[in-house]
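*Asks:* Read off the chains here:
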Amino acid sequence: MPLDQSFVGRSWPATEPYQVGREKIREFARAIGATDVEYHDPAAARALGYADVVAPPTFPVVITMAASRQIVEDPALGLDYSRVVHGDQRFAYSRPVVAGDELVCVNSVDEITSRGGHDFLTTRTEVTTVAGEPVVTVWSKLVQRGEH
Amino acid sequence: MGDTLEPQTFRVTRADLVRYAGASGDFNPIHWSDRVATGVGLPGVIAHGMFTMALVGRAVTAWAGAADAVVEYSVRFSRPVPVPDTDEGTEVVVTATVKETTDEGLTKLVLTATCQGEKVLSLAQATVRKR
Numbered sequence: 238m239p240l241d242q243s244f245v246g247r248s249w250p251a252t253e254p255y256q257v258g259r260e261k262i263r264e265f266a267r268a269i270g271a272t273d274v275e276y277h278d279p280a281a282a283r284a285l286g287y288a289d290v291v292a293p294p295t296f297p298v299v300i301t302m303a304a305s306r307q308i309v310e311d312p313a314l315g316l317d318y319s320r321v322v323h324g325d326q327r328f329a330y331s332r333p334v335v336a337g338d339e340l341v342c343v344n345s346v347d348e349i350t351s352r353g354g355h356d357f358l359t360t361r362t363e364v365t366t367v368a369g370e371p372v373v374t375v376w377s378k379l380v381q382r383g384e385h
Numbered sequence: 082m083g084d085t086l087e088p089q090t091f092r093v094t095r096a097d098l099v100r101y102a103g104a105s106g107d108f109n110p111i112h113w114s115d116r117v118a119t120g121v122g123l124p125g126v127i128a129h130g131m132f133t134m135a136l137v138g139r140a141v142t143a144w145a146g147a148a149d150a151v152v153e154y155s156v157r158f159s160r161p162v163p164v165p166d167t168d169e170g171t172e173v174v175v176t177a178t179v180k181e182t183t184d185e186g187l188t189k190l191v192l193t194a195t196c197q198g199e200k201v202l203s204l205a206q207a208t209v210r211k212r
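As given, the protein sequences belong to chains A and B, one line each in that order.
Everything in the first sequence is counted per the numbering used here, starting at 238 for the first residue and increasing by one.
Everything in the second sequence is counted per the numbering used here, starting at 82 for the first residue and increasing by one.
Keep in mind the hints are simulated off the structure, nothing from the lab.
Do not rely on the hints blindly, as some may be mistaken.
Derived lysine-lysine pairs resembling DSSO-like cross-links, with alpha carbons at most 30 angstroms apart [as the list claims (entries may be wrong)]:
1) K180(B) - K261(A)
2) K261(A) - K211(B)
3) K378(A) - K261(A)
4) K200(B) - K378(A)
5) K211(B) - K200(B)
6) K189(B) - K211(B)
7) K200(B) - K180(B)
8) K378(A) - K189(B)
9) K180(B) - K211(B)
10) K200(B) - K189(B)
11) K180(B) - K378(A)
For clarity, every value in this text was computed on a predicted model and none was experimentally measured.
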């Protein structure tokens, strides 16, 4: 079944604030093998000009993937998550995420297309602080593989 | 212009995928269960695309010299990275080539990532502002 085209252009209410913890950044950095001091040591991070330990560039996906459940788990969209693979991913940064940030996500659907029996869903997530400061914009294209 | 940065090799094992699943919250079973992965037509357990993107991101930030130097970063996942259940796992090799440096001091990098000689990313690029 094709995805519901009426989702294109829709936006969702901001998600509940996500509190970025120092230990979560350290855990994520360890998981990707990023050993640089600014990901682990608050004093070293401050010496480099960050407010606290800084997150690696792909860290925001931890927050945006959870936030996008608002869209992908809506039965009306018609997405079968067991057939979904990740197509594209893009980040445009205003500034890096640092420990202590309280972030909210506003999700939108940019595009829904079909090609070769596969369906493509592009979501955009504007990640800002609770005060409204832009942090990063995240685009994800998910591919629902055709049933063959 | 046209500078090619030193290629970097990253080893990826099943343990890495388990650790990444926990840290990222992405518990899709195709990244830890051969049964589920083969059931959906994959050769076996594959790495999270975002894990591969994170490894390439390490190469980019290392080159740029700082985590906050990355202005934009995008990839297309063109082929899965199968990770066999062995001590050695597999390897992802990352290269970067300087495409252009803009008047605003931004450097555009074209990135590649290969596994077993096959490109696993396409349209991969980063824009960085070197410190």
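*Asks:* Run every hint past the structure and note whether it holds.
*Replies:* Each hint tested on the structure:
Annotation: proposed proximity of K180(B) to K261(A) is violated, straight-line Cα distance about 34 angstroms (limit 30 angstroms). For the hint pairing K261(A) with K211(B), the CA-to-CA distance comes to about 27 angstroms; that is within 30 angstroms, so the pair holds. A hinted pair counts as satisfied when its Cα atoms are at most 30 angstroms apart, and K378(A) with K261(A) qualifies at roughly 25 angstroms. Distance hint between K200(B) and K378(A) is fulfilled; the C-alpha atoms sit about 19 angstroms from each other, no more than 30 angstroms.
Distance check on the hinted pair: K211(B) and K200(B) sit about 27 angstroms apart at the alpha-carbon level, within 30 angstroms; holds. The hinted pair formed by K189(B) and K211(B) meets the criterion: a straight-line CA distance of about 11 angstroms does not exceed 30 angstroms. For the hint linking K200(B) to K180(B), the alpha-carbon distance of about 19 angstroms falls within 30 angstroms, and the restraint holds. Taken as a hint, the K378(A) and K189(B) pair is honoured in the structure, with Cα atoms around 22 angstroms apart against an allowance of 30 angstroms.
In summary, the hint linking K180(B) to K211(B) is supported, as the alpha carbons are separated by about 15 angstroms, within the 30 angstroms threshold. Restraint check for K200(B) and K189(B): the C-alpha separation of about 20 angstroms stays at or below 30 angstroms, so the hint holds. The straight-line distance between the Cα atoms of K180(B) and K378(A) is roughly 25 angstroms, inside the 30 angstroms bound, and the hint therefore holds.
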